[in-house]
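Given chain A, work out where chain B should sit, using these hints.
2 protein chains.
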Amino acid sequence: MAVKRVYTFGNGKAEGRVDMKNLLGGKGANLAEMNLIGVPVPPGFTITTDACIEYNKLGKDAIVDLLKAEVEAAVKNVEALTNTSFGDKNNPLLVSVRSGARASMPGMMDTVLNLGLNDDSVAGIAAKSNNDRFAWDSYRRFVQMYGDVVLGMKPESKEEIDPFERIMEEVKERKGVDLDTDLDVEDLKELVTLFKLAVKEQTGHDFPESAWEQLWGAVTAVFDSWNTDRAKIYRRMEGIPDEWGTAVNVQAMVYGNMGDNSATGVAFTRDAGTGENIFNGEYLINAQGEDVVAGIRTPQQITKEGSLRWAELQGVTEEDRVDMYPSLEEAMPKVYKELDAVQKKLEHHYKDMQDLEFTVQDGKLWLLQTRNGKRTGAAMVKIAMDMYREKIIDDKMVLMRIEANKLDELLHPVFDLDAITSAQELARGLPASPGAASGQIVFFADEAKKYPVTILVRTETSPEDLEGMVVAKGILTARGGMTSHAAVVARGMGKCCVSGAGALKIDYKERVMRIDGKVYKEGDWISLNGSTGKVYGGSVKTTQPDLDGDFGHIMDFATKHTRMNVRTNADTPKDARVARDFGAQGIGLCRTEHMFFEGGRIKSVREMILSSDENGRRAALDKLLPYQREDFEGIFEAMDGYSVTIRLLDPPLHEFVPHTEAAQQDMATEMGISLAEVKTKISDLEEINPMLGHRGCRLGNTYPEITEMQTRAIIEAAINLKKKGVIAKPEIMVPLIGTVEELKMQNDIIRKTADLVFAEKGDKVDYLVGTMIEIPRAALLADKVAEVAEFFSFGTNDLTQMAFGYSRDDANKFLPVYLEKGILKTDPFQVLDQEGVGQLVEMGTQRGRFTKPDLKVGICGEHGGEPKSVEFCDSVGMNYVSCSPFRVPIARVAAAQANIKKDLK
Amino acid sequence: MAVKRVYTFGNGKAEGRVDMKNLLGGKGANLAEMNLIGVPVPPGFTITTDACIEYNKLGKDAIVDLLKAEVEAAVKNVEALTNTSFGDKNNPLLVSVRSGARASMPGMMDTVLNLGLNDDSVAGIAAKSNNDRFAWDSYRRFVQMYGDVVLGMKPESKEEIDPFERIMEEVKERKGVDLDTDLDVEDLKELVTLFKLAVKEQTGHDFPESAWEQLWGAVTAVFDSWNTDRAKIYRRMEGIPDEWGTAVNVQAMVYGNMGDNSATGVAFTRDAGTGENIFNGEYLINAQGEDVVAGIRTPQQITKEGSLRWAELQGVTEEDRVDMYPSLEEAMPKVYKELDAVQKKLEHHYKDMQDLEFTVQDGKLWLLQTRNGKRTGAAMVKIAMDMYREKIIDDKMVLMRIEANKLDELLHPVFDLDAITSAQELARGLPASPGAASGQIVFFADEAKKYPVTILVRTETSPEDLEGMVVAKGILTARGGMTSHAAVVARGMGKCCVSGAGALKIDYKERVMRIDGKVYKEGDWISLNGSTGKVYGGSVKTTQPDLDGDFGHIMDFATKHTRMNVRTNADTPKDARVARDFGAQGIGLCRTEHMFFEGGRIKSVREMILSSDENGRRAALDKLLPYQREDFEGIFEAMDGYSVTIRLLDPPLHEFVPHTEAAQQDMATEMGISLAEVKTKISDLEEINPMLGHRGCRLGNTYPEITEMQTRAIIEAAINLKKKGVIAKPEIMVPLIGTVEELKMQNDIIRKTADLVFAEKGDKVDYLVGTMIEIPRAALLADKVAEVAEFFSFGTNDLTQMAFGYSRDDANKFLPVYLEKGILKTDPFQVLDQEGVGQLVEMGTQRGRFTKPDLKVGICGEHGGEPKSVEFCDSVGMNYVSCSPFRVPIARVAAAQANIKKDLK
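So the sequences go chain by chain: A and B.
Residues in the first sequence are numbered consecutively from 1, following UniProt numbering.
Residues in the second sequence are numbered consecutively from 1, following UniProt numbering.
The following block holds chain A by itself, in its conformation from the complex:
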């Protein structure tokens, strides 16, 4: 026996261990481990994942040959431990057969229960349990499950129902009953006969009576389920290799439905909602596992304390509670005590909150499963910190326990859970900026103050809407993606936004929006969940998160264990301060274009754009200079002592021109030219693919005077603040370079202008000149770019757009389909595509550092706040990541985790 393919467990012994997940799958390894630490688990055995791989190569006959001796020995072991005999008609061993891969895989085979039953042994079970109905119901369920899962008895088309369900319906109709439980023993016998006939008819084979034939059928069916389309798509999406294979778990059946001394339930070692250290859960007496979740009977609480609280909430009297819904603690005190001990043992052993499944058969407790329990963001933080204080885990482990993205829940208002359950969902869009908001609909930005609390609803927003967006509680758009104007601005503000809700048809004239034919007027209340993209009717109650001490402790741990810095993307002193409060160590991206819209500046900007020559542009830029300088002073002050990376003007100029004829007329009057001239100029600016058009450094290189003005504003601001004792550290960033010559030209302009300002002011400040790496060509030529650049900042939004050839604003036409069909595993705009775009990031970093070993490298795309992407940034050796203020805590934890993981490797 060179290769061991079967691992037994039972009665406190096991051949496997928790660290053998690769070979035994997650479930198998845990079943073994529970045995080893003395938790009562029904005996059984696990067939290895390697056997599955062999099966895929060799086929059924060969694998049965290879497994036969070991499986027979393992079955004998279970027979001995359970004092039963597999296939025996009087005292049969019944087993469950379940798949169990390394990673949880919902695409795979369902469980087969009660395997080993046949026309003979059903009588034995009836006699043994002294319960005819139990025996025949078990048999009926087995034939149905086995037929479905192993024999492929599926509905013939999508429109038809399951063949067994159809037979059930016919029988129930004939008997005139509604519920399965109303069927008597004779009905169940008839069902078994009819089920078997259906199997014969549809598959051409008799239903297998032999327990061994049943077992091998089920085992190979589990193996086969590894290769179903569903499983393949799931693996493709989750990045699970096809080579892993699945293990098979065969385990003696235990029953919670053998009478009033039996029960079944699920429990959590701590509160999954709040994180409180309170054992809790639900159970049912005389029931099967699925009954607890099916909702036919009202589940009862495990602990008395929980039961009392439940009764109060439900308005159940103490008399009724004790009578009808007693807790396990009260109903089965001995079992409860044992369960409580087991849950303590499991949590202590696994050092995390556990989610348990248990069954009580005839007064005896059996654990069927344990796993780390899912939990809310708040519970995640509280449990981790409680366990730290309980000295169960250390600070690094606290950090590793944090699912960084979930911290988001703690930072924004959220809908009250009860309120949202009953709210009416109107439409869905993209979760453009997290948080929850309710307000009255307004359709025009300048009417955002018309009601006390408003939601601005637009087909899409433009920079002209900026002030209205500041006022509104939330923003909803019918068009535009995750980087649409609305989305980017809202995220910057930390304001709730749902974008691209395609079902909305907005009629600005009538001041209504229509969704599926229904009409919503200005002033109607709606609610947005910016974290899910859902739009609700009416006002839904929100709750404000409480950033208690635990959150702060975790942030301190993150600082302690992080290599990379975390900066923020912020365009205003306010955002900068918010981010600094969240722990941002500088600004990685300050977009200057948003400043161009505020107050009266937009007029000067338009004057610059509409000027026909350099002199005209310079005159307009001179008016803008004091505003820009003031902006930078505010931001430098807020980030006193930290670096501030300022990106020079980036968007195409047509984003700044007036779109309505009225505004165009105003412009014409103001500039003393004709409306026609204004219109011609605007139409000259139009572009077919603005994303790839006249923007970024292409502006600064065609109109150097813009770069001059911005540089002057930056340097003057820094020198002015120096006198006040504020330390400004400007890093001037040239956007969208694709050739080193573009950067050289901008660098020359910046340095010349700075020298001029230094001479004028008689004072100097330190500053850096660097560039975004956001064009594939720039990454490819990073060694040359680094000859000029003092820092790189990867603009992974645009880099993703260009590397994939996806316009983020248009990708909603195919991206959802691609995600659904598994062509893409994740949205590359949310999670950095390490395989493709990542190559450019890594190449860019390495080539840049080849030229300049100490080159400062960061990321300022949206990916800078996404945990997996942050880990990638750490792995390529970046100096920092930068993200929107509200994602700073997430990035800090992710950065710490990335660093800790390297140590663990």
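These aren't lab readings, by the way, just hints derived from the structure by calculation.
Among the hints, a few may not be true.
No distinction is drawn between identical chains; accordingly, a pair holds when it is met within one copy or between any pair of copies.
Claimed, not checked - List time: in silico BS3-like cross-link candidates among lysine-lysine, alpha-carbon distance up to 30 Å:
1) Lys852 with Lys344
2) Lys232 with Lys852
3) Lys825 with Lys784
4) Lys856 with Lys374
5) Lys784 with Lys57
6) Lys200 with Lys337
7) Lys76 with Lys856
8) Lys509 with Lys679
9) Lys172 with Lys761
10) Lys679 with Lys505
11) Lys813 with Lys784
12) Lys406 with Lys21
13) Lys679 with Lys521
14) Lys200 with Lys623
15) Lys128 with Lys89
16) Lys764 with Lys784
17) Lys764 with Lys68
18) Lys722 with Lys521
19) Lys334 with Lys189
20) Lys57 with Lys852
Same frame as chain A, now just chain B:
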């Protein structure tokens, strides 16, 4: 003397050679070589390019120290050969000083002539030449040239004229004369005095009297000219390294203006226009070199035969000719005989047609320069083939002599040279599709037949204009780049097109276009030069090129020496046949979308697009199937035996929908839906960045039925033709993949459909499934893509757009500025950017072949017909290039050259 920095030449001896261009520059090496082969050249010496590099590091004093001994020796050598003395007042040696780099560099220093003259030696020259005026005019010219070139006597601002010219004007005005030649010796003396005063005033220094000081000044001025802004920009554009440096040529002066026994001229060893083997050129008696080209005097012909022909054309009587304009052959028969011998010797030595400059001083012939002569495309072909027949060069050398791009001149009609000279240029656009065309203006595609010969003038064309474009003689658009619809379609048809002529303002309502305020009506004649982008008023005579035997011979040589195949991009049987006649070995890109517009098909296409579900789409596609099949049958037949790469549907669907309300109403009526519904659907299709939107395989993956229909049409066509004995070799190409999963999914659909057709037809054909590599990510992941693809075709148009982030349709806002400022050396859409995009092409090829060593790789972007890019494709090991039919000959020669060059290396 470890390092030799000065190389002398003269009197049949030389220290340099023609193969020392790197060290001596092109001019210096040729001057040496002419000496070595016995051609009379004024003696002199060359200071090396290495000395220039040393000068840049060490400065003037150091370089003079290093050069002094060698230069003094070299001057002595010239003195000895000319029997003069440098700086001597009675018998001075006068020299010219010229720059001369490895490559011709117009950005560098002009010539300084007559160096060595001063207030003393001018008298010596006067005495020696017995010509006061000659001496003082030479001195005046020297002071002016030296002041300008060496002492930096430039105008103070752009508005002002040259300081010396200003003085000249003043003196002439005072004297009341118009021409320089009207000034007498005293005037010239005054000018020298005034010039020197101006120098003193502007520079603060006296004009140098010492010949040696003059020489060192001029030599270092040449060195300095290497680093002027103009030179730097030129180098950046031409890709010349800064490290090369320039050589300096110092040469004894000879004069063609010393009397009637002196002359100067230029000559060609063969006719540069026609290629005829006729010695020809022009000269003037008693003149300086610049007088021949200045146009003040009418130049005379070198040969008698040429002179007779000239007189006939000019209407000059034989009497006048002999009297006033005799040929050199007649006027100076001895000199002519010598020159004729020299030209024969030079051509034979250099084995190419030579462009000569000569001077006759007092009856003695001197050659000042020889270089390979520029020539027309026709002359290029004829000269190369004549020399082959004359056994001067072999077939490989014939190919290397072809400037492949110039073949274009031979393939399209061209404007008659005389006619075009007098034509009125109205505007300029992009040279979108070569050739020349005259016709009457029409503004609507469906009116293209309104006049016998029409030019279709549109703001931009859309696929709806296709039939009109077929009819029109040429196409002119006001908007759109080199890949605009008009440009791409016209190139495919080999039809003349000028696109993006921004000055045009078209008024469709009034049926006029306005250019700079002038109005051109429908029916007015205009002419287009699609090779230059120029638009002319009126009808300009065109001549049809004659593809004589020489062209065919060259094509045969190309076939013999080529490694790569050349295919064509063709969408119709007609184009396919044209290309095959030009030698195309298959189709590298057959775009299927153009077929969607012809005849009534567009209605079915629109029906498909506007359908709300798969069934509706399938019904419309069923209608299209027979058309598509027929298209493919025609193309396969035209390419019988050759591979045909068919690209599945690529453009975004909105390109197919009707744009006018009338057409939309038609569509609505036809489909039985409301106009509003049609409009909604069309507006749903709109995209912000269509280039990066829902197109390419994203269509086939969201609507698999499109891929199914196209595959079916391809396979059915191939099987149908098989019965007729036609061999179809379809290569089905999936466009725009960025992930291997996209290709997998399309591959599955294609193979399943093909198998279905095979089963239906009971017959099979071979076919391949491959993909465009046009998205950067696909190139990066080419190893994975090659697991599925059977061939790659690099779509370098889109790859360039995405690697640079340039929308070709919008780049006209900044690309011209970038080219002008030297940020880009060439337009990356015309010449493949080897440095950046080339990395992706090379990486993609290598990675693809890593997975599949025999992977077929080609290119089907516009670069496939551009010689430098073709060479690059050869260097990365591509199997073929593909280009538009009319560029096939160019690509064939370029491919052969690339292959020959590898042997030469």
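Cross-check of the supplied hints:
1. For a Cα distance limit of 30 Å, the shortest separation of Lys852 from Lys344 qualifies neither inside one copy, at 55 Å, nor across copies, at 57 Å.
2. Only between protomers do Lys232 and Lys852 lie at most 30 Å apart by alpha-carbon distance; the minimum there is 25 Å, versus 45 Å within a single protomer.
3. Taking the shortest alpha-carbon separations for Lys825 and Lys784, only the inter-copy value of 16 Å comes in at or below 30 Å, while the best intra-copy value is 34 Å.
4. Taking the shortest Cα distances, Lys856 and Lys374 never come within 30 Å of each other, neither inside one copy (39 Å) nor across copies (51 Å).
5. Taking the shortest Cα distances, Lys784 and Lys57 sit within 30 Å of each other only across copies (24 Å), while inside one copy they are farther apart (51 Å).
6. Taking the shortest Cα distances, Lys200 and Lys337 never come within 30 Å of each other, neither inside one copy (49 Å) nor across copies (111 Å).
7. In the homo-oligomer, the alpha carbons of Lys76 and Lys856 never lie at most 30 Å apart, since the shortest distance is 65 Å inside one protomer and 60 Å across protomers.
8. In this assembly of identical chains, Lys509 and Lys679 lie within 30 Å of each other by CA distance both inside one copy and across copies; the values are 23 Å within and 18 Å between.
9. With identical chains, the CA atoms of Lys172 and Lys761 are never at most 30 Å apart, being 94 Å at best within one copy and 51 Å at best between copies.
10. In this homomeric assembly, Lys679 and Lys505 come within 30 Å of each other (Cα to Cα) both inside a single copy, at 28 Å, and across copies, at 14 Å.
11. Taking the shortest alpha-carbon separations for Lys813 and Lys784, only the inter-copy value of 26 Å comes in at or below 30 Å, while the best intra-copy value is 38 Å.
12. Proximity of Lys406 to Lys21 under the C-alpha cut-off of 30 Å is restricted to the intra-copy arrangement: shortest distance 26 Å within a copy versus 69 Å between copies.
13. Taking the closest pair of Cα atoms, Lys679 and Lys521 come within 30 Å of each other only across two copies (24 Å); inside a single copy the shortest separation is 33 Å, beyond that limit.
14. Proximity of Lys200 and Lys623 under a CA criterion of 30 Å is satisfied in neither setting, with 88 Å inside one chain copy and 45 Å between copies.
15. Taking the shortest alpha-carbon separations for Lys128 and Lys89, only the intra-copy value of 11 Å comes in at or below 30 Å, while the best inter-copy value is 138 Å.
16. Taking the closest pair of Cα atoms, Lys764 and Lys784 come within 30 Å of each other only inside a single copy of the chain (29 Å); across copies the shortest separation is 53 Å, beyond that limit.
17. For a Cα distance limit of 30 Å, the shortest separation of Lys764 from Lys68 qualifies neither inside one copy, at 83 Å, nor across copies, at 46 Å.
18. Taking identical chains as interchangeable, the C-alpha atoms of Lys722 and Lys521 are never at most 30 Å apart, the minima being 53 Å within one chain and 66 Å between chains.
19. For the identical chains of this complex, Lys334 and Lys189 are neighbours neither inside a copy (37 Å) nor across copies (129 Å), given an alpha-carbon limit of 30 Å.
20. Proximity of Lys57 and Lys852 under a CA criterion of 30 Å is satisfied inter-copy only: 25 Å between copies versus 51 Å inside one chain copy.
Comparing the model with each earlier hint shows violations of hints 1, 4, 6, 7, 9, 14, 17, 18 and 19; every other hint is respected.
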